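Heads up: the sequence lines are chains A and B, in that order. Using our numbering, the final residue of the first sequence is 775, and nothing's skipped along the way. Using our numbering, the final residue of the second sequence is 840, and nothing's skipped along the way.
Think of the hints as simulated: they come from the structure by calculation, not from any bench. Do not rely on the hints blindly, as some may be mistaken.
[Unchecked claim] Pair by pair, the computed Cβ-Cβ distance ranges are:
| id | chain 1 | residue 1 | chain 2 | residue 2 | range |
| --- | --- | --- | --- | --- | --- |
| 1 | A | 330 | B | 638 | 24 to 30 Å |
| 2 | B | 753 | A | 772 | 32 to 38 Å |
| 3 | A | 343 | B | 753 | 49 to 55 Å |
| 4 | B | 640 | A | 345 | 40 to 46 Å |
| 5 | B | 780 | A | 336 | 52 to 58 Å |
| 6 | A | 771 | B | 834 | 34 to 40 Å |
| 7 | A | 548 | B | 737 | 29 to 35 Å |
| 8 | A | 377 | B | 640 | 27 to 33 Å |
| 9 | A | 86 | B | 780 | 29 to 35 Å |
| 10 | A | 548 | B | 834 | 43 to 49 Å |
| 11 | B | 734 | A | 471 | 46 to 52 Å |
| 12 | A | 343 | B | 736 | 44 to 50 Å |
| 13 | B | 759 | A | 305 | 32 to 38 Å |
| 14 | B | 763 | A | 145 | 47 to 53 Å |
[What the hints assert, rightly or not] From the structure, some residues in chain B lie toward chain A, with a derived Cβ separation under 8 Å:
| id | residue |
| --- | --- |
| 15 | 616 |
| 16 | 618 |
| 17 | 622 |
| 18 | 654 |
| 19 | 715 |
| 20 | 718 |
| 21 | 719 |
| 22 | 735 |
| 23 | 751 |
| 24 | 752 |
| 25 | 754 |
| 26 | 764 |
Model, not experiment: these values are computed from the prediction. Just so it is clear, CB atoms sit at the ideal spot from N, CA and C, and this is done for glycine as well.
Given next are the chains, with one letter for each unit.
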Amino acid sequence: MTEPAITPELVQKHGLTPEEFERIKTILGRSPNYTELGIFSVMWSEHCSYKNTRPLLKGFPTKSEKILVGAGEENAGIIDIGDGLAIAFKIESHNHPSAVEPFQGAATGVGGIIRDIFTMGARPICALNSLRFGDLTSAEVRRLFSGVVSGIAHYGNCFGIPTVAGEVYFDKSYEGNPLVNAFCLGVLRHEQIARGAAHGIGNPVFYVGPATGRDGLAGAAFASQDLTDESADQQRGAVQVGDPFMEKLVMEACLELLATGAVAGIQDMGAAGLTCSTCETAARAGTGIEIDLSKVPQRAPNMTPYEIMLSESQERMLIIVKKGREVEVQTIFDKWDLPWAEVGFVTDTGQMVVKNHGRLIVDIPARKLADEAPIYHRESREPAYLEAVRRFTLQGISDTTEPAQNLKALLGWPSIASKNWVYRQYDHMVRNGSVVYPGSDAAIVCIKEDSLPVLPDGTFGPKFKEKFIAMAVDCNAVYVYLDPYEGGKIAVAECARNLACSGAVPLGTTDNLNFGNPHNPEIFYQLRKSVEGLAEGCRAFNAPVTGGNVSLYNQNPNGAIDPTPTVAMVGLIENPAHITTQWFKDEGDIIVLLGEIIDDRDTLLGLGGSAYLQLIHGLKTGNPPRINLENEKKLHDGVRALITAGVVKSAHDCSDGGLAVALAECCISQQIARETPRLIGATVDLTEFGSLRSDALLFGETQSRIILSVSPTQLEAARTDALKLGLQFREIGVVGGDRLTIRGSQSNLSAQLTELHDPWWNAIARAMQ
Amino acid sequence: MNFAVLQFPASNCDQDAVHVLKNVLGHSVRLVWHKDLSLGSVDGVVVPGGFSYGDHLRTGAIARMSPIMQAVQQFAANGGTVLGICNGFQILCEAGLLPGALIRNRSLQFRCEHVYLKAATRRSGFTRAIPSGQVLRVPIAHGEGCYFADESTLKTLQAKDQILFQYTTAEGQITDAANPNGSLLNIAGICNERGNVAGLMPHPERASEGLMGSTDGRLVFEGWLQELAERKRPLAA
Chain A
7 MTEPAITPEL VQKHGLTPEE FERIKTILGR SPNYTELGIF SVMWSEHCSY KNTRPLLKGF
67 PTKSEKILVG AGEENAGIID IGDGLAIAFK IESHNHPSAV EPFQGAATGV GGIIRDIFTM
127 GARPICALNS LRFGDLTSAE VRRLFSGVVS GIAHYGNCFG IPTVAGEVYF DKSYEGNPLV
187 NAFCLGVLRH EQIARGAAHG IGNPVFYVGP ATGRDGLAGA AFASQDLTDE SADQQRGAVQ
247 VGDPFMEKLV MEACLELLAT GAVAGIQDMG AAGLTCSTCE TAARAGTGIE IDLSKVPQRA
307 PNMTPYEIML SESQERMLII VKKGREVEVQ TIFDKWDLPW AEVGFVTDTG QMVVKNHGRL
367 IVDIPARKLA DEAPIYHRES REPAYLEAVR RFTLQGISDT TEPAQNLKAL LGWPSIASKN
427 WVYRQYDHMV RNGSVVYPGS DAAIVCIKED SLPVLPDGTF GPKFKEKFIA MAVDCNAVYV
487 YLDPYEGGKI AVAECARNLA CSGAVPLGTT DNLNFGNPHN PEIFYQLRKS VEGLAEGCRA
547 FNAPVTGGNV SLYNQNPNGA IDPTPTVAMV GLIENPAHIT TQWFKDEGDI IVLLGEIIDD
607 RDTLLGLGGS AYLQLIHGLK TGNPPRINLE NEKKLHDGVR ALITAGVVKS AHDCSDGGLA
667 VALAECCISQ QIARETPRLI GATVDLTEFG SLRSDALLFG ETQSRIILSV SPTQLEAART
727 DALKLGLQFR EIGVVGGDRL TIRGSQSNLS AQLTELHDPW WNAIARAMQ
Chain B
604 MNFAVLQFPA SNCDQDAVHV LKNVLGHSVR LVWHKDLSLG SVDGVVVPGG FSYGDHLRTG
664 AIARMSPIMQ AVQQFAANGG TVLGICNGFQ ILCEAGLLPG ALIRNRSLQF RCEHVYLKAA
724 TRRSGFTRAI PSGQVLRVPI AHGEGCYFAD ESTLKTLQAK DQILFQYTTA EGQITDAANP
784 NGSLLNIAGI CNERGNVAGL MPHPERASEG LMGSTDGRLV FEGWLQELAE RKRPLAA
């Protein structure tokens, strides 16, 4: 078979600019051949190289005394959690594949992020996801939504990882461009950290896992283009096919192998498959690597070197083994009935050399390929729409006259409604560590001995006191659309607030930047400003970024998605007594609001960009609420101090839908068992805020507010502590009864809990029928 | 007591069973690899949940042919007690150690949630520790948990007191609305005629510690332990 000639058209088809092609020629000192062109195209795609975003990402805080492996060093960051233990976690997108083939696209997104975690030597113990879809009234959107959810369920459930939390938003901007961001967290001892580096000249390079096929050809390059009408048909072949059974076996075998100490380096074959894993491991170690493709297990006949190097077949790993210990790899992989092959060795040349039956195919300087992709400082211009957004006022928007109807409508709005239709399809309890399930502010998972990979002696090692990890993922993309900088700060603040309400201290952050085409200066502005906001938020809460993912080109001919910098934050709870959930507990408890009832410096009173304006008035505009990170931090420290003092029975943050939705959630969100919610009412008195508009008071989304419930016997202790901590502490009501009643001076809201629970619990299931 | 917890490729509740038997209940537990030919000297065997062989072909259909299942057959034939949970129940049905089959949930979706259960008999070791009439709250997590058997098998199960657990409402009523997967007779768990091999779809090991939200599942293990303690000598296969 003759290879295509390298023409300007072919270069362009590979997503490389003429300047990039010239740079390749300079690096090689000659023109690349077809396989080499393919290799450069995937390695220099945005997905692998961050060529458009690297300068921005430098603004993130990435250091703390607890960080053991930092952002960009390896496949995932690692943070110390004390007692010699550590956690590895990361979020990653699989947006483009999911748009084309939702089930496999989402499934392999989960598979990919799990591999990133066990590649670090950690045992993956839980997963989260953040999803975005268009409006559920569209049949195509429902197809994508149900396909993505069942793909995640299929992969996670079979692999045996609990999917413990997530978020799902529905907005027209995601029509045709769904977002699927998958997060995984794993646990290990400090001494178990594995590295993705090809150390040791002469060490053999092993390929383990299933054979390479033509699936997922050049997926990384595909993910770095706009989606078009043709992409669905033409690029289906770029979507990988996942096998969670295989991944489970590969993971167990790799952890068993890592325990032997026979491994010098390990890396998964994710985006850009064999290409990325070989050149990155060599680049990290400052070595070279040579492989022969004839030794790579192949699933399809007559695969070309180009296809083998660019395939993204799933569940494959590259392992650099200490010379002389090859037999240990063979024994363990034979035990698990997994294919393995010795495909090459580490060299001292600094070159990535690929042969086929001994014939030289590829000869590229590994480090230049892996680390020296061109960097672009893109042009940025404030989007034109922002002017109208800033001009928006509440003038002409009449106050609500039917607050109870509004509340029911908001609770039944799919973005706010319970996501039980989603998470009941996920096994969220396997591994027996899920302490707080999906449906509270943050998920909480117990770290116990079997959370760890085994040690060389086959045990889990010295005993330790159980620890608890809290996790949340958040991003109100409408805020980011309306004010990228403020919206970025709020995404981080909301995530941190969710952790604080559950009793946790933040440890670190992983982010997934989902945006449109960065060549559009207005899109790049959204990206730049929101990253600044994110960075400032992470600094404020001492939650440095340990890694993440960038997904650009999320747009189709109808336009770009709302800018969606998804934030996942991880926190620690040492004492199980401090684990706190959002729902009210006992009749007679006092309801307390921490924070300002409303931000009166905000002329929109928290209604800008609110769910209320979107749903009730059909308006997605206005300046979103402002946030003062210093106050927010004080609030988080304060609520944690109250929780630690033992005076808090429940804590819930106010976010989408404002105070009324948050109060309703406190009343209706505890689920005891199938078809068995625990409903507990509340009577709230807001008459002291007489002059305020009812819609703003009830549904405004002023930031930095938390609803607590406190036993009457501890109320004074709680108040004293709160005032000492500089918090605004206001009794607003009492728990009890079978209604939620909120008295205001302009109007009263009162509804039976069953009438609130029904739309909230069932809205998504009904939309999907 | 000494327990064996079987480990098939892609068993994924194996460690959970070990955790509860060892760390919560204080007994000795060993993981037994599916290619092993012997269980060793054990008092009881757990066939844990998961997706053995990735559910390829049919749930439990390949696992039942693993070498260790010969030893399990022998162990059961000698009167040894075996508990299959979730995928373990599916494997025991495929292996012919329990009657009937587990088919796709009637919702056609995977379901993970707490359900209510009632013991239909207290004659089994797995139900004897459950106070009469007590409704248990235990999670399920399966896509293929709908118990199915022909008419005559169901009649035999009823006549010989082989139905161990049924899905109920919180008040203990056996209703169609309380049935999470469409199982015939709301069956959540059964045993063989001799009573020494049991299978259940709910996960008692996920409801054995207060921190995990329910301790009702412990009663299943406690009854089993009582029964094993009454048998004086350990069984070997």
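Hints and how they fare:
1. 330(A) <-> 638(B): 24 to 30 Å: holds (27 Å)
2. 753(B) <-> 772(A): 32 to 38 Å: At 36 Å between Cβs, range holds.
3. 343(A) <-> 753(B): 49 to 55 Å: violated (36 Å)
4. 640(B) <-> 345(A): 40 to 46 Å: violated (25 Å)
5. 780(B) <-> 336(A): 52 to 58 Å: Holds: the Cβ-Cβ distance is about 55 Å, inside 52 to 58 Å.
6. 771(A) <-> 834(B): 34 to 40 Å: Since the Cβ atoms of residue 771(A) and residue 834(B) sit about 48 Å apart, the hinted range of 34 to 40 Å is violated.
7. 548(A) <-> 737(B): 29 to 35 Å: violated (48 Å)
8. 377(A) <-> 640(B): 27 to 33 Å: With Cβ atoms ~52 Å apart, the hint is violated.
9. 86(A) <-> 780(B): 29 to 35 Å: violated (49 Å)
10. 548(A) <-> 834(B): 43 to 49 Å: violated (58 Å)
11. 734(B) <-> 471(A): 46 to 52 Å: violated (34 Å)
12. 343(A) <-> 736(B): 44 to 50 Å: holds (48 Å)
13. 759(B) <-> 305(A): 32 to 38 Å: violated (47 Å)
14. 763(B) <-> 145(A): 47 to 53 Å: Because 50 Å falls inside the window, the suggested range holds.
15. 616: Holds - the Cβ of residue 616(B) comes within 8 Å of chain A, reaching about 6 Å at its closest.
16. 618: Interface hint status for residue 618(B): holds (4 Å vs cutoff 8 Å).
17. 622: OK, holds: residue 622(B) within 8 Å of chain A, min 6 Å.
18. 654: Holds, because the Cβ-Cβ distance from residue 654(B) to chain A comes to roughly 4 Å (cut-off 8 Å).
19. 715: Because about 5 Å separates residue 715(B) from the closest Cβ in chain A, which is inside the 8 Å limit, the hint holds.
20. 718: holds (5 Å)
21. 719: Since chain A brings a Cβ to about 6 Å from residue 719(B), closer than 8 Å, the hint holds.
22. 735: violated (21 Å)
23. 751: Not OK, violated: residue 751(B) not within 8 Å of chain A, min 21 Å.
24. 752: violated (23 Å)
25. 754: violated (28 Å)
26. 764: Hint violated; residue 764(B) Cβ to chain A Cβ min 27 Å, cut 8 Å.
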